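Visitor: In order, the protein sequence lines correspond to chains A and B. Just so you know, the first sequence maps onto residues 1 to 587 in the working numbering. Just so you know, the second sequence maps onto residues 1 to 587 in the working numbering.
Hints were generated in silico from the structure; no laboratory data involved. Predicted model only: the values in this text are computed from it and were never measured. Possibly wrong hints are sitting among the right ones.
What the hints assert, rightly or not - Residues from chain A that face chain B, not an exhaustive set, calculated with beta carbons under 8 Å:
| id | residue |
| --- | --- |
| 1 | 174 |
| 2 | 450 |
| 3 | 453 |
For every residue, glycine included, the Cβ atom is placed at its ideal position computed from N, Cα and C.
2 protein chains.
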Amino acid sequence: MQPSRLAALRFELSRQGLDGFLVPRADEHLGEYVPPNAERLAWLTGFTGSAGLAVVLAEQAVLFVDGRYVLQAASQTDPAQWQRKHITDELPQPWLAGAAPGQRIGYDPLLISEEGLQRFSDAGVTMVPVEPNPIDVVWTDRPSPPLSPAEPHPLHYAGLAAAQKRDQVAAALREARQDAAVITDPASLAWLLNIRGSDVPFTPFALGFALLHADATVELFMAPQKLPEPTRAWLGDGVTVQDRPALSQALERLAGKRVRVDPANTPVWFAQRLRQAGGVVVAGMDPCLLPKASKNPVEQQGARAAQTRDATALCRFLHWLDGAAGRESELSAAQHLLALRAALPGFRGESFAAISCAGEHGAITHYRVSPETSRPIRADELYLIDSGAQFPDGTTDVTRTVWTGPDTPPAELRDRFTRVLKGHIAIATLIFPQGVGGAHLDAFARRALWQQGLDFDHGTGHGVGSYLSVHEGPVSLSRLAKPVPIAAGMILSNEPGFYAPGRFGIRLENLVLVQPANFPAAAKPFLRFETLTLAPFDRRLVDAVLLDATELAWLNAYHARVLAEIGPRLDADTRSWLRAACAPMPR
Amino acid sequence: MQPSRLAALRFELSRQGLDGFLVPRADEHLGEYVPPNAERLAWLTGFTGSAGLAVVLAEQAVLFVDGRYVLQAASQTDPAQWQRKHITDELPQPWLAGAAPGQRIGYDPLLISEEGLQRFSDAGVTMVPVEPNPIDVVWTDRPSPPLSPAEPHPLHYAGLAAAQKRDQVAAALREARQDAAVITDPASLAWLLNIRGSDVPFTPFALGFALLHADATVELFMAPQKLPEPTRAWLGDGVTVQDRPALSQALERLAGKRVRVDPANTPVWFAQRLRQAGGVVVAGMDPCLLPKASKNPVEQQGARAAQTRDATALCRFLHWLDGAAGRESELSAAQHLLALRAALPGFRGESFAAISCAGEHGAITHYRVSPETSRPIRADELYLIDSGAQFPDGTTDVTRTVWTGPDTPPAELRDRFTRVLKGHIAIATLIFPQGVGGAHLDAFARRALWQQGLDFDHGTGHGVGSYLSVHEGPVSLSRLAKPVPIAAGMILSNEPGFYAPGRFGIRLENLVLVQPANFPAAAKPFLRFETLTLAPFDRRLVDAVLLDATELAWLNAYHARVLAEIGPRLDADTRSWLRAACAPMPR
Numbered sequence: 001m002q003p004s005r006l007a008a009l010r011f012e013l014s015r016q017g018l019d020g021f022l023v024p025r026a027d028e029h030l031g032e033y034v035p036p037n038a039e040r041l042a043w044l045t046g047f048t049g050s051a052g053l054a055v056v057l058a059e060q061a062v063l064f065v066d067g068r069y070v071l072q073a074a075s076q077t078d079p080a081q082w083q084r085k086h087i088t089d090e091l092p093q094p095w096l097a098g099a100a101p102g103q104r105i106g107y108d109p110l111l112i113s114e115e116g117l118q119r120f121s122d123a124g125v126t127m128v129p130v131e132p133n134p135i136d137v138v139w140t141d142r143p144s145p146p147l148s149p150a151e152p153h154p155l156h157y158a159g160l161a162a163a164q165k166r167d168q169v170a171a172a173l174r175e176a177r178q179d180a181a182v183i184t185d186p187a188s189l190a191w192l193l194n195i196r197g198s199d200v201p202f203t204p205f206a207l208g209f210a211l212l213h214a215d216a217t218v219e220l221f222m223a224p225q226k227l228p229e230p231t232r233a234w235l236g237d238g239v240t241v242q243d244r245p246a247l248s249q250a251l252e253r254l255a256g257k258r259v260r261v262d263p264a265n266t267p268v269w270f271a272q273r274l275r276q277a278g279g280v281v282v283a284g285m286d287p288c289l290l291p292k293a294s295k296n297p298v299e300q301q302g303a304r305a306a307q308t309r310d311a312t313a314l315c316r317f318l319h320w321l322d323g324a325a326g327r328e329s330e331l332s333a334a335q336h337l338l339a340l341r342a343a344l345p346g347f348r349g350e351s352f353a354a355i356s357c358a359g360e361h362g363a364i365t366h367y368r369v370s371p372e373t374s375r376p377i378r379a380d381e382l383y384l385i386d387s388g389a390q391f392p393d394g395t396t397d398v399t400r401t402v403w404t405g406p407d408t409p410p411a412e413l414r415d416r417f418t419r420v421l422k423g424h425i426a427i428a429t430l431i432f433p434q435g436v437g438g439a440h441l442d443a444f445a446r447r448a449l450w451q452q453g454l455d456f457d458h459g460t461g462h463g464v465g466s467y468l469s470v471h472e473g474p475v476s477l478s479r480l481a482k483p484v485p486i487a488a489g490m491i492l493s494n495e496p497g498f499y500a501p502g503r504f505g506i507r508l509e510n511l512v513l514v515q516p517a518n519f520p521a522a523a524k525p526f527l528r529f530e531t532l533t534l535a536p537f538d539r540r541l542v543d544a545v546l547l548d549a550t551e552l553a554w555l556n557a558y559h560a561r562v563l564a565e566i567g568p569r570l571d572a573d574t575r576s577w578l579r580a581a582c583a584p585m586p587r
Numbered sequence: 001m002q003p004s005r006l007a008a009l010r011f012e013l014s015r016q017g018l019d020g021f022l023v024p025r026a027d028e029h030l031g032e033y034v035p036p037n038a039e040r041l042a043w044l045t046g047f048t049g050s051a052g053l054a055v056v057l058a059e060q061a062v063l064f065v066d067g068r069y070v071l072q073a074a075s076q077t078d079p080a081q082w083q084r085k086h087i088t089d090e091l092p093q094p095w096l097a098g099a100a101p102g103q104r105i106g107y108d109p110l111l112i113s114e115e116g117l118q119r120f121s122d123a124g125v126t127m128v129p130v131e132p133n134p135i136d137v138v139w140t141d142r143p144s145p146p147l148s149p150a151e152p153h154p155l156h157y158a159g160l161a162a163a164q165k166r167d168q169v170a171a172a173l174r175e176a177r178q179d180a181a182v183i184t185d186p187a188s189l190a191w192l193l194n195i196r197g198s199d200v201p202f203t204p205f206a207l208g209f210a211l212l213h214a215d216a217t218v219e220l221f222m223a224p225q226k227l228p229e230p231t232r233a234w235l236g237d238g239v240t241v242q243d244r245p246a247l248s249q250a251l252e253r254l255a256g257k258r259v260r261v262d263p264a265n266t267p268v269w270f271a272q273r274l275r276q277a278g279g280v281v282v283a284g285m286d287p288c289l290l291p292k293a294s295k296n297p298v299e300q301q302g303a304r305a306a307q308t309r310d311a312t313a314l315c316r317f318l319h320w321l322d323g324a325a326g327r328e329s330e331l332s333a334a335q336h337l338l339a340l341r342a343a344l345p346g347f348r349g350e351s352f353a354a355i356s357c358a359g360e361h362g363a364i365t366h367y368r369v370s371p372e373t374s375r376p377i378r379a380d381e382l383y384l385i386d387s388g389a390q391f392p393d394g395t396t397d398v399t400r401t402v403w404t405g406p407d408t409p410p411a412e413l414r415d416r417f418t419r420v421l422k423g424h425i426a427i428a429t430l431i432f433p434q435g436v437g438g439a440h441l442d443a444f445a446r447r448a449l450w451q452q453g454l455d456f457d458h459g460t461g462h463g464v465g466s467y468l469s470v471h472e473g474p475v476s477l478s479r480l481a482k483p484v485p486i487a488a489g490m491i492l493s494n495e496p497g498f499y500a501p502g503r504f505g506i507r508l509e510n511l512v513l514v515q516p517a518n519f520p521a522a523a524k525p526f527l528r529f530e531t532l533t534l535a536p537f538d539r540r541l542v543d544a545v546l547l548d549a550t551e552l553a554w555l556n557a558y559h560a561r562v563l564a565e566i567g568p569r570l571d572a573d574t575r576s577w578l579r580a581a582c583a584p585m586p587r
């Protein structure tokens, strides 16, 4: 079957006078989760991972994937057709410049940002925009786009009326002397208009586009079937609704206007269409990103409530896990946690596919458990569970790593676990001035590992939405973080780890809320982190000798808080387990 | 006198059809120190600070300076002619866009980088290149350019023959498929050709330009008088010499070639001239910067030797200082230290103007002592001395802050001093993986201050040259550091501080050398810092209770090393003082 797909695409490319074509794993919103109609990469190659890029030339076809997908790409694609390359070992841009010098390489301008396109042009590749996508021409049984209804996100969760949000963002546009902004991130739409949906898994938004005008009105482009009457009424007078095909003409109406377009997160199609129409494209960050990232007091209170409910399920799960070795599997454990969460008031689904992994699977950072991969949870090994939930008042994301017992863990594991914990505590206790970005703080989570020549190969943390994406920009704790200052109200994950390939993995993750730090005499404002997530860290894996007095005091105070806040919400059995799990550790 | 200068400039501008003109404090090398013939800003405005920008319009003239020069600018310029603005409170680019909408603003393309120019264009200012500089037309008694002779920098200091350096850098150009690189930084020239000079104060290089070709030949543009026969012979066959005026034609000969030009550090004139001539300008960092920053083993050994010699002078000075309160002044102290250094073998001058400041002057980060500003050193206050020297085997830069006694310092000062010291030790003991940049490490120097809502308003460290600039790129320890990885062989300063305006200042600075950290089992290479500078920290100001066990151990080990390495090189009196100053501190 696949041969004919690749051959059909090549035939279509040559018909259009193209020498090659890019097939990224992307939809028109450049989002993390992609609806079935946008799964072009999977349709063409067979590869179903969440990130990848195929480059189809006349004589060769290459699939670029990152480290977590090397094995999966090899097993899912036909080696007779596809070369597989590790995207960080060999960047696609210089490879393509060398493999196809002077050739015309097509791309779908709805599936790549202006900055992404620029990287190919800078490498010397001749890039040709193609509409419609040649794959859509040959993909005859392509699914329809999702049409789940959008629903109001009520004020007692959102905390701020959509009209006020539109006013606030429009004021920022006017301040920058911009007439409008293009909104292509469905999470921005969801925040701005106080609506939610279910077009993709895990993230409760409705796919759509919008133009926000400097007068605070919004043109929303969304299939009318997705907007039942109550939702339309909820949107209010300032929002007009048009179907997706009206978008192109709406951009043409912006001739002569200064329009903000995000060069990193918006498909380049928008900037191209605006320029053709005589609009002035001003590169700038999606104006919803910063206000969305800083949660208002109602959202903050919602986050605390959601975390508390979520913690009761997690504590029950950790208690249950204590006897799981030899009896349960990675898959049954994930299913048990999901069942415990599903019973919680307000549970709307997982915020991502839980990572449930035992022993050597723990070292696979993005391990996905399935009936095929699941392995038993055995005695005397590490078990790692990274999971989260969507509630209307908040999104959760938590990782714990536990020892399955019954014996004491080996010294190496306790050393590594404690160093990861030291990194976690370093972030949790940090105080820092306003203006600092995530790139400046990430190293605190690593120092205890670095001192032994150890490290972990992912960022320390990511932003988290309010009943929205569990991976939310623009701020992260990472060497690669954008230079955007961390601000009060942001929710970030604090998740250092350590991974020994083929042996074990450790990750310790809480969510933290950025709060003002109170120094009345300070010359400038300072910030601190309030830890939101409440669940014990496995004391059997802590080597208290490696903790200094401040770190040990933090751990004991955190455990006391977990017991005080979650204990009363648990059945007697789990509460008694939690009391032991939260007992103060001596030096 | 000044009125006629500004009036004469305005007349010349209107003659050339310009509405305004930029006068930066810059020479054709965009360097830190500027020869007298390039002191156009001082000639026009009277302001002699080391950084500033004048904007001359028909009806107004504005001088932009940073925080350290606000008072000096006010005292040196005529308020009837010049508005003075704080450059970080009001950026010149948006100010100019607002003050002169649609007007033609001239600039000298030899005095601004491509990135600097871009910031004005991005703000919407219409920028017009002007040659020759209109100031030069009206500055009738402008000095001649300096003509100090360039001298060979022998191999036992340089460590690597110029021919090998040229081969190495040319190979990097070929790898990037570039035909040539423009070299406008005299420090790069000095490193590449193994020559030194004395055209500007403090930095021992000869002003000049070069084109480095991919075949490893160099066209050097420098006044022939500056190259006596032995220096010419030393340059060798691969280097041809032409006078400065031949530069323009040489760029024209690069038509059709791909030429690397540094967009941040090279005057935009070069890129403009190359493009006019049909050359392809490839934006890229000066190819000498990275190899120059990573000192070779001979330079590293030279640095250690220079530091050891320098330390004997500094220890003698600190001993002398112990009885200086009430008797000496900021100026006499700086002169005494200079005299002690001048007696050292190989001393070639200061590496910058020493910052010698007592009490409240310590809070002025770039305080410059002069007969007018000098104040007595009094009892029971802080005295800060930041100074350095040029030796042919190395460049030094060291800061110590001492208590003048006789009473015990107040608790506040000991607290602040110890927190600065904790930051200094955090950097000194850091181990980190290759690939990390200075922006990721800077915060370690601040954490102990941040925890109390305190901070300091400068970077933690800068690169240091080898008998070259004491402020050397491309790497620094700073939130604003370029994203260039720290690499083995680099020399950086480690200089956290704390400043209480109007009261006191603290800064503790050693130079550190980046070394490989030896972890045989590590999955990737790690780096560490070797502290090069050897002089005691004032134990009277250390509150050992605030130090954890590791920090106290570092301090005591460092002092033991200072005593062991410097003690034997001192007279008996100073040695006995040093023994007390380096005595181990108990908890």
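Visitor: If a hint holds in the structure, say so; if it does not, say that too.
Guide: Hint-by-hint comparison with the structure:
1. 174: violated, 16 Å
2. 450: holds, 5 Å
3. 453: holds, 3 Å
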